[in-house]
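Can you make the complete structure from the sequences, with help from the hints?
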Amino acid sequence: MSTADIDEDREKNRLRFRGGRAASAVPLLVFVVWAVVQSGLLGIGDTTGLVAGMLIALIIGLFLVKGDWKRYADAVFAGMTRKVAVTAVVAWLWAGMFAETIQVGGFVDGLVWAARAFEVGAALFPAITFLLAALLATGIGTGYGTAIAFTTLVFPAGVLLGADPVLLFGAILSGAVFGDNLAPVSDTTIVSAVTQNADIGGVVASRVKYAVVAAVLAFASYLYAGAQMAGQPLDVGAQLQQVSPWGLLHLLPIAVVIFTAVAGRHIIEAISWGIVSAVVLNLLLGWLGLVDVAASDMVVFRAPETSDVAASLAGAPVVGAIVETVPRGDAVVGGSFYAGASGFFPLIVLTLLLVAGVQIMRDGGGFDAVEDWLLSSVATSVRRTELTMVLGTALVNAAVTINTAAEIAIAPFVSTLGQRFNINAYRRANILDANTSALGYIFPWGGGLLAGYSVMVSLPDEYAWFTEAMVVNPASVWPYVFHGWFLVAVFIVAAYTGFGREYVPDRASEEVSRV
Amino acid sequence: MSSPLEKFLAGWSFRTRTPAYAAGDELVAFVTGREGDALVVRIGDTRLLIPEGDSGLVDQRVKLRVTSFDTDAHRGEAEVLERYELQDDD
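Protein sequences, first through last, are from chains Z and Y.
So the first sequence is numbered by full-length UniProt numbering: it starts at 1 and just counts up by one.
So the second sequence is numbered by full-length UniProt numbering: it starts at 1 and just counts up by one.
Certain hints may be false.
Ranges between beta-carbon positions, derived for each pair [unchecked claim]:
1) Y:G24 to Z:G19: 51 to 61 Å
2) Y:D72 to Z:V212: 52 to 62 Å
3) Y:T16 to Z:P479: 47 to 57 Å
4) Z:A220 to Y:T16: 38 to 48 Å
5) Z:V33 to Y:G24: 49 to 59 Å
Hints are computed from structural coordinates only; laboratory data are not their basis.
Values in this document were obtained by computation on a predicted structure and should not be read as measured data.
All residues carry an ideal CB built from backbone N, CA and C; glycine is no exception.
This is the structure in structure tokens:
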């Protein structure tokens, strides 16, 4: 088929809109406006709210279609059934189960214990907190969860020691950025790999170099700023709840996931091995009485007490460990597998709708229009292209609070622009994810920052000595999220100098078959 | 497949904007566009031309053999040896 034939064919099958090719971007633009208003202006970090926004956006787009509306509906289905969406969904379900299972096994308590056991004093506390928060986020893959756990449990301990609250909150958010960026079970890591057609293990291994450079700079900055900003310990005679160190053993299942994934096993297999080892460890720790965890924390059937079958199973040996009887209205299945998977449901639905929106823009020619403009006027050399990818991703993520959603929207541009210069899939995934992870935790409307802040406001109710004045103003944290800033800076320097750059012919990523 | 250690160590370097090749080199890359009748494989700011290539190959991954290369101009010519399967998500 000749060039002219292909162009003619594409033109004939194109989804047509009133207002031309640009109008095909309307569903995504309506969504972005919705997301900025909902999360940025109103401060509502509710993913299901974004689902409603995307559904409305898809309906609005329908009214702009010229000719048969069926073409539009076909594009919605074509988008949703793309492999990229389905792969991310499957990986998230596994990642969610794993993260929740190591959390019920006391992993957070173990890290809290470590933070206190170092007895480092106010000056060193932020730097150590950054490292431990980074460890948690690398294990559980969720920066939001890390921000919540550390703000609840480690933040008060640091404030008691006299660490500066704003700096300490910045250190927690920096740790969250680190894990969100690097963890193989992180939602943004998974999206970055699958949208660029690369294997997750290879992506994680290739991204260590950027994460480590930024983390070393961030750690040094927390050491310096910690010493400059340290105050006096609070003499309030307060006691913090005792925690068990044994949950730290969950570093083992985390290592299992990382090494099996990097060794080239499929991500489903890698995380399954992590889940199996975490379950065995939990049962062992619970049986030995070292951590307050039991089989029912992982899987439990809470059946109505009116059921005879349930009553007899609940009393039976072995099976009884995961069957409980409850009042009829409270009957439910629970545990870490349930909670871990269901925690991702809103994001899964949102992702399917978002890729439908991307497909409409693709089929309607809007995507080609933006791409043509970028390639002819901005991305004219490999250096400028990489800078465009870095700054474009940073900009979209600075504007849209839920960073996974922003990442999915910008990913096709990163893919196409990068491919036009034969930039390796690993490099593209790394540019995409670093700036996605970093920007979601810096500004006062960032989802990760809001997650930590939402639990910080309840600390004065929990501790008598914790005054309202110690609650950090969300708008004051941005200069102190050092790892986030350094990560963006590392990529600007990397795009300019070629540090870490790899081309497609340099090294084949293990591609589609090994996600 | 490379070893896990190699995966961690890959890319710790400053890669040029204009990678150089020599006649006879075989490599896998995406066909990135057209220049007149020829196809272009742009790798960074280096351009390899495939004279009279099939337009259907644009945006596809192919195996190439470099037939000539000018290291000063960062341009060369290549021929297609093999075309890989269509990408599901390109």
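So, going through the hints one by one against the coordinates:
1. Y:G24 to Z:G19: 51 to 61 Å: Check passed, 52 Å falls within 51 to 61 Å.
2. Y:D72 to Z:V212: 52 to 62 Å: violated, 37 Å
3. Y:T16 to Z:P479: 47 to 57 Å: Violated, since Y:T16 and Z:P479 (Cβ atoms, about 36 Å apart) do not stay within the stated range.
4. Z:A220 to Y:T16: 38 to 48 Å: At 30 Å between Cβs, range violated.
5. Z:V33 to Y:G24: 49 to 59 Å: Given a distance of about 54 Å, which is inside 49 to 59 Å, the answer is holds.
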